[in-house]
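Mind assembling these two chains? They're in different frames, but the hints should get you there.
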Amino acid sequence: MKNTKKFIGILQALLLLATVSLAQNNGYEVGDEAMDFHLQTVSGSQVSLEGLEGNQGAIVIFSCNTCPYVQAYEDRMIELHQTYASKGYPLIAINSNDEKISPGDSFEAMKTRAAEKKFPFAYAYDKSQEVIRAYGATRTPQVYLLEKESDRYIVRYIGAIDNNYQDATSVSEFYLADALDALLSGAKVPRETTKAIGCSIKWSRNSQ
Amino acid sequence: MRALTPTLMKTSITGFFFVLLLVLLPGFSNKDLPKSAFKVISFQEFEQLAAEESEKLRVFNFWATWCAPCIKEMPYFEKANQSDKELELYFISIDDARRPERVTAFIERKAIESPVYLLNDVDFNSWIDKVSPDWTGAIPATLFIQADGSRHFHEGAMEETELLQRIDQLKQ
Chain D
1 MKNTKKFIGI LQALLLLATV SLAQNNGYEV GDEAMDFHLQ TVSGSQVSLE GLEGNQGAIV
61 IFSCNTCPYV QAYEDRMIEL HQTYASKGYP LIAINSNDEK ISPGDSFEAM KTRAAEKKFP
121 FAYAYDKSQE VIRAYGATRT PQVYLLEKES DRYIVRYIGA IDNNYQDATS VSEFYLADAL
181 DALLSGAKVP RETTKAIGCS IKWSRNSQ
Chain Y
1 MRALTPTLMK TSITGFFFVL LLVLLPGFSN KDLPKSAFKV ISFQEFEQLA AEESEKLRVF
61 NFWATWCAPC IKEMPYFEKA NQSDKELELY FISIDDARRP ERVTAFIERK AIESPVYLLN
121 DVDFNSWIDK VSPDWTGAIP ATLFIQADGS RHFHEGAMEE TELLQRIDQL KQ
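These protein sequence lines map, in sequence, to chains D and Y.
Residues in the first sequence are numbered consecutively from 1, following my numbering.
Residues in the second sequence are numbered consecutively from 1, following my numbering.
So that you can see chain Y by itself, here it is in the shape it has in the complex (with noise of 0.2 Å):
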């Protein structure tokens, strides 16, 4: 028995650091991961993830699989994600969390890198105006987070030139 004791420890130290990795894993910068990370959030957890510090212009894109102005826009914000460094990105998808095979799928079919959150909260009126109070509520839309904190938002659709001067203005 006494004899097992260093391997048993052995192998629940390696599990342990394996663990701590997998942990860690996707708290690596985004551009780093080969594909999109998905998971299904509260508006609680968006609302921590909005809240997080970064040297970063942040940008969150509201959207759904069902919504042809979104599907259109995305590839500008991927775009964007991939050759600026300085842009961290996060499609917030609003679909039916019943189904979330169907935006799973949808990431796979269009190969998105960033990383896609499904906001599971159907009582929208408790958390739009939190978003932003100039929120309707129409899908596309979306918040942009400076560094220090304040937020610029923007309902509807934009073209890849107005989202590229956008951000532009807003790393300044």
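Chain D on its own, in the form it takes in the complex (with noise of 0.2 Å):
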């Protein structure tokens, strides 16, 4: 009897843990459907994508505040947002990282940060990381354009923004913008996944 138990409780891991390795590998793929979301931003209010009014699409950004590689890429995030948002693209950024693993990602640091930087966008909270699991972002900033077709949003490109997030002046490859003018213009995205150096998501322990 006590052994059937630790067996049980032996395979129950066992299964937790194939379920959390799935959730981290299994996230979306281009052409794939995106889940809605509805998650408090800094400003006070609610951002999601049913929410969004006489756009075309979102461009989801998972970032954070503490991110070397976030921070060299704000402004190019806020500009980003003032160029496409009135083409009907606006930017969502969304923070996962957990407050607890790393401080300086809580709800209070991101209003700071907001407020410092004048965010134009909407900075929102995944305090639960469902969106990031289901999205299947593995580090920041990672980018998820999003294509509207009648209700529904369609992944069209993940990655990077573009190839030098050391210097703006000397990027050579804009995916994202690329992106985003392939879709106005409605021809096909032509680069449709790109990996970068990023930070590592903090998964919060008990997920885990």
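Certain hints may be false.
[Unchecked claim] Covered stretches of chain Y (chain D as the covering partner; in silico rule of three or more C-beta atoms under 8 Å from a C-beta of chain D):
1. 94-104
2. 151-161
[To be verified] Just a sample of chain D residues kept apart from chain Y, beta carbon distances all over 12 Å, derived:
3. S43
4. G44
5. Q46
6. G51
7. E53
8. G54
9. K87
10. A109
11. A115
12. K118
13. Q129
14. R156
15. D162
16. E173
17. I197
Note that these hints are calculated values from the structure, not bench results.
For glycine and all other residues, C-beta sits at the position ideal for the given N, C-alpha and C.
Here you go:
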């Protein structure tokens, strides 16, 4: 009886492990439908895909306060929002880092950062990490460019913003802007996925 | 003039051997060196380094000075490298190469003895897959290369027991 219980316990642990690793590997691929979310933003409101008005899609970026790569891209994120929100692609930045592991990524710290940088885009907190698990992002910053098709949001690009985090004037490949321009002109996204070095996600301990 | 020549030759021969010694010295096992070797390398140089033949299990740990989980696992790697003669460890920093002093100061402060190379290539998408197609780009990340050249990749931080188990497994 004791052994059976032990066995079931081990089985459950294994199952849980398998689920967790699946959840981390099985994010979206280009062409998949992205789930909607309802997240608290630093401005005190909620952001969701269905709540967007007159848009053609959205630029969802898994972001945070503390990652030097994110910091290097903040000004470019502001510019991207300013350029593309009026064309139907607003930017939504989502921080999913656990504040217990990374205190600099707390909701309060997000508010401070957003105020300092005067973010014109929604900066939302994915406290439960449900959104990032569904999307499958593994690092910050990581972009999911979504195109709206009737009521659905389809992933059209996953990856980096461009190919030079250090110096915006030295960029030779504008991955995200090129993808946006392609969608806006009804063309196929030239490069659908890219990789970049980024900061690992600070996963909550109890969910691992 | 003519009388001076042998002296000059002697000097230049001594000089030559001295330079040769300097060139060869870093080639000796890193365990003989008192301090960590540091240099800034291109991705091509990284690939050459990774392709070198070795009897040992070679470990390339990708990290950065600002990456908390990287810094946490570094001592495990450093300790394993010091106690295991069949291991050859390289810390590959992907810090900003415009500020190498951040890395060298870190090496001093933490008394790191294994070689640390700063990989200077920000066109990440051009090389991440070449390190491993399994790498999404998050750090820390570790590439293990066995003596026969086969590669094994791990993304994410490792606990000490996990690292030692992995090393044991890969040495067999």
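(message) For a quick check of understanding: which of the numbered hints are violated here, in increasing order?
(response) 15, 16, 17
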